[in-house]
Every structure is written in structure tokens, then in C-alpha cells.
Amino acid sequence: MTDIRPLAQAYCDGTLSPADAERLNAILRDDPAAQRVFLEVTAVHARLQSEYGPAGGVDPIPVRAVPRSRFRVPRSVLALAAAVLVAVVLFRPGSPPSVAVLTNSSGAKWTNGSAPAPGTPLYPGRVKLDAGVAEIAFGSGAVAVVEGPAEIELVSAGGAFLHAGQAVVRATAAFAMETPTLHVADRGGYEYGVLVEPSGDTVLQVYDGEVVATRKESGDSRELDGGRAVRVAGSVEPVPFWPERFVRVLPSKDDPTGRGTQPYNRAAFESVDVLPARTPLRIDADLSDWNLAGRFHAACEPPYGDNHSVEAAMMYDADNLYVSDHVRDPFPMRSQISPREKRELYGGGGGVALRISTDRRAGWPLTAEGLPLTRKPRSTDRADTNDKLAFLMLWFHRPSEESCLQIRYGMDFHGGVVNPSGYRGAFRADPDGLGYTLEYAISWELLHAAADPPRAGDVLAASWLVHWADATGKVWKGQLIDVTNPRETGWNFQRAATWGRAVYR
Amino acid sequence: MPPADLPGGPDDRFVTGLIPLQTRLYRFIAGLVPVRADAEDVFQKAMLTAWQERGKYDPDRDLYAWLCGIARNHVRHHVRAAYRAKAVLDPEVIDRLAERLIDEDEYFQRRQAALTACLEKLPAKSRSLIEEVYGAGKSIKDVAAGLGAGAEGVYKAVQRVRAALHECVTATLTREG
Numbered sequence: 001m002t003d004i005r006p007l008a009q010a011y012c013d014g015t016l017s018p019a020d021a022e023r024l025n026a027i028l029r030d031d032p033a034a035q036r037v038f039l040e041v042t043a044v045h046a047r048l049q050s051e052y053g054p055a056g057g058v059d060p061i062p063v064r065a066v067p068r069s070r071f072r073v074p075r076s077v078l079a080l081a082a083a084v085l086v087a088v089v090l091f092r093p094g095s096p097p098s099v100a101v102l103t104n105s106s107g108a109k110w111t112n113g114s115a116p117a118p119g120t121p122l123y124p125g126r127v128k129l130d131a132g133v134a135e136i137a138f139g140s141g142a143v144a145v146v147e148g149p150a151e152i153e154l155v156s157a158g159g160a161f162l163h164a165g166q167a168v169v170r171a172t173a174a175f176a177m178e179t180p181t182l183h184v185a186d187r188g189g190y191e192y193g194v195l196v197e198p199s200g201d202t203v204l205q206v207y208d209g210e211v212v213a214t215r216k217e218s219g220d221s222r223e224l225d226g227g228r229a230v231r232v233a234g235s236v237e238p239v240p241f242w243p244e245r246f247v248r249v250l251p252s253k254d255d256p257t258g259r260g261t262q263p264y265n266r267a268a269f270e271s272v273d274v275l276p277a278r279t280p281l282r283i284d285a286d287l288s289d290w291n292l293a294g295r296f297h298a299a300c301e302p303p304y305g306d307n308h309s310v311e312a313a314m315m316y317d318a319d320n321l322y323v324s325d326h327v328r329d330p331f332p333m334r335s336q337i338s339p340r341e342k343r344e345l346y347g348g349g350g351g352v353a354l355r356i357s358t359d360r361r362a363g364w365p366l367t368a369e370g371l372p373l374t375r376k377p378r379s380t381d382r383a384d385t386n387d388k389l390a391f392l393m394l395w396f397h398r399p400s401e402e403s404c405l406q407i408r409y410g411m412d413f414h415g416g417v418v419n420p421s422g423y424r425g426a427f428r429a430d431p432d433g434l435g436y437t438l439e440y441a442i443s444w445e446l447l448h449a450a451a452d453p454p455r456a457g458d459v460l461a462a463s464w465l466v467h468w469a470d471a472t473g474k475v476w477k478g479q480l481i482d483v484t485n486p487r488e489t490g491w492n493f494q495r496a497a498t499w500g501r502a503v504y505r
Numbered sequence: 001m002p003p004a005d006l007p008g009g010p011d012d013r014f015v016t017g018l019i020p021l022q023t024r025l026y027r028f029i030a031g032l033v034p035v036r037a038d039a040e041d042v043f044q045k046a047m048l049t050a051w052q053e054r055g056k057y058d059p060d061r062d063l064y065a066w067l068c069g070i071a072r073n074h075v076r077h078h079v080r081a082a083y084r085a086k087a088v089l090d091p092e093v094i095d096r097l098a099e100r101l102i103d104e105d106e107y108f109q110r111r112q113a114a115l116t117a118c119l120e121k122l123p124a125k126s127r128s129l130i131e132e133v134y135g136a137g138k139s140i141k142d143v144a145a146g147l148g149a150g151a152e153g154v155y156k157a158v159q160r161v162r163a164a165l166h167e168c169v170t171a172t173l174t175r176e177g
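Those protein sequences? They're chains A and B, same order as listed.
Okay, so the first sequence: first residue is 1 according to the numbering used here, each after it adds one.
Okay, so the second sequence: first residue is 1 according to the numbering used here, each after it adds one.
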């Protein structure tokens with residue numbers, strides 16, 4: 001066997017000949033032992049670089065990328081780095097008059113990482129909210145409830161520019177709201193919601209009063225009164241009025257149910273009934289052939305509960321487990337996460353996740369655990385590898401319009417497969433475009449239970465999750481978890497004991 | 001899973017977690033991209049990405065592993081561009097090496113710990129050579145000229161010191177089991 005150490009040394013010094021590079025490629029491609037030795041050698045080089053570097057170490061977080069420069073930033077500024085713009089807007093002390101006040105917030109994550117308290121004055125300029133909901137009271141008396149992710153520019157005490165995201169405006173006096181495509185004006189006494197999509201399309205929905213919307217491009221305007229909604233793109237199209245489209249009111253501080261940090265629920269169910277399918281189900285996301293007697297309904301907590309909810313059910317026969325969900329989602333079926341992308345998690349763009357055990361011997365509750373989360377795993381730690389425990393992710397990839405499935409097995413998440421053969425899935429958008437239904441048939445073989453599938457009378461483990469994302473289909477917003485074991489604590493992906501019961505009828 | 005909002009805000013916690021990992025992350029990169037200017041470039045880009053994407057970091061996951069994932073992507077981009085310009089190692093091979101480095105992190109961290117002791121035992125002559133070569137950011141040719149030696153000889157000398165450190169680490173781990 002070739003000693004690759006001299007080759008690794010030459011690689012460190014940049015003196016590798018093309019022939020040597022070819023040899024190294026061939027040796028390293030599939031030989032873990034050679035890879036290890038190679039990395040041992042380059043690690044020494046890397047250490048010497050970091051230890052004896054010109055500035056005695058490594059740069060902290062850069063203010064901006066400065067390729068190939070020696071630009072260095074003292075550590076003391078790093079918490080401020082990259083956030084300077086927003087910080088100036090939010091917390092400029094003193095002199096110029098503020099135009100608004102932050103009156104309340106719920107789970108708000110501001111782009112600059114600050115945590116302004118209610119009562120903080122706000123000055124003209126842009127404010128970015130990464131997540132959560134914030135209530136801003138303008139000098140004119142208008143109140144805007146902004147839901148993150150959003151970017152809003154405070155223009156004056158009587159006006160704002162919504163660059164991205166969504167806000168609900170309520171006022172008794174005139175207020176001017178602008179978006180990239182639209183001017184919204186009024187004479188007071190109204191409430192409306194406005195959403196600026198990543199594409200620049202604007203959705204305007206009027207709850208109360210009369211609002212005049214003017215398209216910037218053409219200058220044509222129309223009046224909209226309560227109970228109407230339009231989408232403004234190339235043209236102006238009416239869209240369904242859906243009261244729950246926007247978060248309109250923050251939960252009050254005293255509201256015991258108002259955790260309100262992100263779309264999130266308090267699990268209510270310990271078990272789900274899995275009903276027998278007498279004839280194979282058609283996988284078309286039309287649930288008229290389902291027996292929905294085992295269906296459960298779960299919703300997120302305020303202020304999200306009305307537009308983030310799920311109705312979920314399972315059925316089974318000798319060949320398949322059937323899963324159906326009807327999910328209310330302001331941005332349904334938009335996931336940009338490609339099944340062809342190699343990654344660990346595919347739910348970031350929205351979808352439904354399941355934890356399913358088909359281990360008839362283990363029954364319920366399970367004891368299997370993964371690697372510890374609260375400390376660094378030791379070499380003696382072992383995650384349970386039972387491959388009758390499956391982690392499923394069901395999502396709709398918008399660009400290719402595929403109904404996708406990822407499965408990983410065991411508490412060590414081994415054997416991950418994406419869109420394997422042996423399943424069928426279908427998605428269907430709600431008629432109002434504000435939710436979706438999914439239906440999947442997943443073969444027992446895929447769940448490693450072909451030899452001994454679950455039977456009537458079995459009580460096995462399962463748990464249900466729904467993920468919501470933002471309008472881009474890329475940024476995860478929050479989740480709902482239900483069918484859990486209330487006697488256990490911990491994370492469902494680390495402790496299978498937390499999973500609820502799947503009762504096969 | 002409600003996000004745990006600890007005092008100080010999520011960004012403070014992110015930064016607090018990040019600072020002690022920066023050197024480790026730099027070594028991760030420099031072990032794959034040996035030219036210092038390139039490694040620093042990749043490191044800066046990775047740091048910037050980490051900062052921009054910090055909202056996506058799940059605080060219940062290992063931060064170092066998350067950072068390695070970002071760094072691995074930047075290494076991949078860098079190596080692909082470099083590979084087009086000049087044949088070095090196959091970008092695919094380097095990505096597999098990155099994967100191994102992540103998978104066997106504990107092993108390589110143990111080696112780094114042993115290396116600390118080995119560096120302390122480094123003879124004065126070797127140390128001054130290393131300081132000369134790694135310290136000033138000079139090219140080996142410049143260092144050789146300064147020492148009145150041939151570049152070839154300086155390469156060999158540096159490689160001997162690194163080989164000795166490598167052996168010292170291996171011996172330490174063998175002793176410790």
C-alpha cells in the first residue's frame with residue numbers, strides 16, 4: 001500500500017504534481033483509512049496555520065465578506081456586526097422625533113437580535129422582523145400588527161411602506177400604506193390586511209371600512225369595502241375573503257393559552273385510531289372513500305390557531321398504511337425543498353412528518369432512544385437502530401409538483417431514502433388556496449413490516465407533526481405536534497417514549 | 001417544541017456559542033484547503049453565511065456540526081472553482097474528506113488535544129522554522145531566501161517537522177488507548 005503521507009504533505013505545501021494529484025484522487029476516493037491518514041496530516045498543517053498565523057489567530061465574524069484581504073475586525077464589535085442598519089433604525093436615541101411606538105410583541109425575533117420592550121420608540125427607517133408578531137402604534141393613531149418574516153419602513157407618523165411580509169392596519173384617522181406595487185389610502189375607520197409576496201404580488205383584504213387601492217404602475221384605483229380581498233399582480237384579481245388570512249390581534253399577556261411564540265400547539269391527543277380499509281383506497285387526495293371516524297383535529301395556539309390547523313387520519317390494509325391530512329396553511333404546497341437535494345431534513349418548506357413504529361413486539365410505550373442531545377455524545381453512546389421505527393416526511397415540491405416522501409429508520413436515522421418505490425402520494429389544494437389535503441399509501445415493506453404487518457388489536461407507537469413555512473416555501477415558521485405520550489418529556493426525535501399510541505382497529 | 005427564549009436574545013446566544021468554535025472551524029477548513037489565503041477566504045464566507053442564516057439554526061442541534069455543514073458548502077464551491085483553474089484534488093474527493101472529518105470529529109479533536117502537548121515539546125530549532133514559515137504569511141521561497149537556503153530544502157525541513165508532530169500525536173493516542 002502506498003504511503004500517502006508524503007503526498008498529503010505536498011498537498012499542504014501546494015507542491016503536488018498533476019500525476020501525484022491523480023494518484024491521490026484514486027487512493028482517497030473510496031478508502032476510509034487513507035482518508036483518515038490524509039486528514040491527520042492536513043490537520044497538523046491546519047493547526048500550525050491557526051496557531052502561528054500572522055495575526056495570532058482567526059478572524060471573528062466579519063462585518064462583510066472581504067475576499068482575500070487581511071481586513072480584521074476586533075471581537076468587541078461582532079455582536080453589532082451585520083446588524084448596524086437595523087439597529088440604527090430601531091434604537092437611535094434622542095433627537096429626531098419618533099414616529100411610532102412598539103406597543104406589544106409575541107415571539108418577535110428582530111433581525112438585529114435585539115429584544116425591544118413594549119414602549120420602545122421607533123424612528124423613520126426600515127424594521128425587519130424575522131419571526132413572531134409585533135404591534136406598532138403610529139403617531140397618527142393607526143395600529144399595525146406585523147407578522148414576521150416582514151420588512152416594514154416607517155415613513156412618518158401617518159404612513160408606512162411594507163416591503164415584504166404581512167401587516168394588518170387599523171385606524172380611525174387617515175393613514176397611507178405603500179407596497180412595491182400599491183398605494184392604499186383611506187379616510188379612517190377601517191381595518192385591512194396587506195401581504196407582499198416574494199414575487200412582489202400584493203394581497204389586500206379589507207375587514208372593515210372603505211379603502212382606496214391605487215396601482216402604482218397604471219395609476220388606476222379601485223375602492224374596496226369590508227369582506228373583499230384582491231390580489232394585485234399584472235392585473236387585479238378578486239380572491240376569496242378569508243378572515244384568518246392574517247394575524248389581527250396579539251394574545252394579551254394574561255392569556256394563559258397565548259404562548260404565541262410561533263405557530264405551535266399544545267398536544268391534546270394521546271392516541272389515534274387506525275381503521276381498516278376494506279378495499280384499497282384511491283390515492284388522489286380526495287378522501288370521500290375514507291372512513292374518517294378515527295380523524296382528529298388539532299390547531300396551533302393563538303394568535304395562529306385559526307389559520308394553522310390539521311385534520312389527520314390513518315387507515316391500513318394488508319399491504320399499506322394510509323395517511324391523510326387536511327392542513328390549513330396560509331402558504332400551502334409551496335415547498336422549494338427538492339427531493340433531489342441531499343440533506344438531512346426536508347420539512348423546512350412545509351409538510352407533514354410522522355414517527356411510526358411497526359414493531360409489534362415492542363408495543364407501546366417504546367423505550368428506544370437516540371444519541372443524547374444535552375451533552376456531546378461519547379464513543380460509548382449508541383442510538384437505537386431498530387429499523388421498525390420510521391421517521392417519515394411528506395411534502396409537496398412545488399417546482400416539480402411531486403408528492404415527496406423521505407423515510408429514515410431507527411433513532412439513529414439510518415438508511416435515509418427519498419421518494420423510494422413502494423409509496424404513492426397525492427396533494428390537492430383547498431378551493432380557496434389556503435390549505436391542502438394530502439393522501440399517501442405507504443407499503444408495509446417500506447416500513448420494514450411486510451413479514452409481520454400490524455393487525456387489529458395492536459397498540460403501537462406513532463406521533464404526528466405539521467410544519468408551516470413562509471410565503472417563499474423556504475423558511476420554516478413553526479409546527480404542531482400531536483399524538484404524544486403526556487407522561488414523557490423530551491424530544492420526539494430523540495426519545496421514542498414520547499410518541500403516542502396508534503390503535504389498530 | 002417551543003423555542004427556549006433564554007435571556008440575552010437568540011443572537012447573543014448564537015454569538016456566544018460561535019466564538020469558541022471559530023478556531024476549530026478554521027482548522028476544519030484549512031485541513032481541506034491548505035493555502036492560507038484561500039482558507040481565510042472560505043472561512044470568512046462561512047462566517048458570513050452562518051451569521052446571515054443564524055435564524056435557521058436550531059439551538060437544540062450541535063452548533064459545530066451546523067457550522068461544518070456551512071463550511072463544507074463553501075469548501076465545495078471554492079474547490080470546484082479552483083479545480084477548473086488548475087488540477088489539484090478532485091472536488092468530489094475533497095467533499096468526501098469533509099464528510100469524514102465531520103463523521104469522525106471526535107477522533108480528530110482527540111488528535112488536536114494531543115497535538116497541543118506535542119507542540120509544547122517541539123525543539124527550539126523546529127519551532128523557529130515553523131514560526132518563520134507559518135508566522136509571516138511569507139512564501140516558502142521568501143523564507144528560503146532569508147535563510148540562505150534552497151526552497152526545496154525548506155519544504156523538506158517543514159515537512160519533517162510536521163511528520164514528527166504527526167508521529168508524536170499517533171504515539172500519544174496509542175499510549176492513551
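Worth double-checking, as some hints may not be accurate.
Claimed, not checked - Have a look at the derived ranges for each label pair, beta carbon to beta carbon:
#1 B:164 to A:20: 39 to 45 Å
#2 A:474 to B:60: 46 to 52 Å
#3 B:20 to A:155: 22 to 28 Å
#4 A:474 to B:153: 35 to 41 Å
#5 A:176 to B:52: 31 to 37 Å
#6 B:131 to A:20: 26 to 32 Å
#7 A:226 to B:17: 27 to 33 Å
#8 B:52 to A:266: 47 to 53 Å
#9 B:69 to A:20: 36 to 42 Å
#10 B:80 to A:176: 19 to 25 Å
#11 B:121 to A:472: 52 to 58 Å
#12 A:155 to B:131: 56 to 62 Å
#13 A:155 to B:59: 32 to 38 Å
Stated by the list, open to error - Per the computed footprint, the stretches of chain B lying under chain A, defined by three or more beta-carbons under 8 Å from a beta-carbon of chain A, are:
#14 51-63
#15 70-81
As the list claims (entries may be wrong) - Calculated from the model, a selection of chain A residues having no Cβ within reach of chain B, i.e. all distances over 12 Å:
#16 32
#17 50
#18 223
#19 387
#20 400
In short, the hints are calculated from the structure, not lab data.
Predicted, not measured: the structure shown is a model, and the values here were computed from it.
Yeah, the Cβ is synthetic: ideal placement off N, Cα and C, and Gly gets one too.
Self-check item: Status of residue 387 of chain A, Cβ more than 12 Å from any chain B Cβ
Solution: At about 20 Å from chain B, residue 387 of chain A clears the 12 Å cut-off, so the statement holds.
Quiz item: Should the hint that residue 80 of chain B and residue 176 of chain A are 19 to 25 Å apart at their CB atoms be regarded as holding?
Solution: Since residue 80 of chain B and residue 176 of chain A have Cβ atoms about 49 Å apart, the given range 19 to 25 Å is violated.
Quiz item: Is the nearest CB of chain B more than 12 Å from the CB of residue 50 of chain A?
Solution: At roughly 5 Å from the nearest Cβ of chain B, residue 50 of chain A sits no farther out than 12 Å, so the non-interface label is violated.
Exercise. For the range 36 to 42 Å, tell me whether the beta carbons of residue 69 of chain B and residue 20 of chain A fit it or not.
Key: With a Cβ separation near 30 Å, residue 69 of chain B and residue 20 of chain A fall outside 36 to 42 Å, so the hint is violated.
Practice problem: Given the hint of 32 to 38 Å, check if residue 155 of chain A and residue 59 of chain B actually sit that far apart at their C-beta atoms. | Solution: The hinted range 32 to 38 Å holds for residue 155 of chain A and residue 59 of chain B, with Cβ atoms some 35 Å apart.
Quiz item: Are residue 474 of chain A and residue 153 of chain B spaced within 35 to 41 Å by their CB atoms?
Solution: The hinted range 35 to 41 Å is violated for residue 474 of chain A and residue 153 of chain B, with Cβ atoms some 54 Å apart.
Quiz item: Using the C-beta atoms of residue 155 of chain A and residue 131 of chain B, is the stated range 56 to 62 Å upheld?
Solution: For residue 131 of chain B against residue 155 of chain A, whose Cβ atoms are near 58 Å apart, the range 56 to 62 Å holds.
Exercise. Using the beta carbons of residue 52 of chain B and residue 266 of chain A, state whether their distance is inside 47 to 53 Å or not.
Key: Because 33 Å falls outside the window, the suggested range is violated.
Exercise. With respect to the beta-carbon atoms only, verify the hint that residue 226 of chain A and residue 17 of chain B lie 27 to 33 Å apart.
Key: violated (49 Å)
Quiz item: Beyond 12 Å from chain B, beta-carbon-wise, is residue 32 of chain A?
Solution: violated (7 Å)
Quiz item: Are residue 474 of chain A and residue 60 of chain B spaced within 46 to 52 Å by their CB atoms?
Solution: Between residue 474 of chain A and residue 60 of chain B, where Cβ atoms are some 21 Å apart, the hint is violated.
Self-check item: chain A covers the region 70-81 of chain B, three or more CB atoms within 8 Å, holds or violated
Solution: violated (count 0)
Figure legend: structure checked against the earlier numbered hints; hints not met, in rising order: 1, 2, 3, 4, 7, 8, 9, 10, 15, 16, 17.
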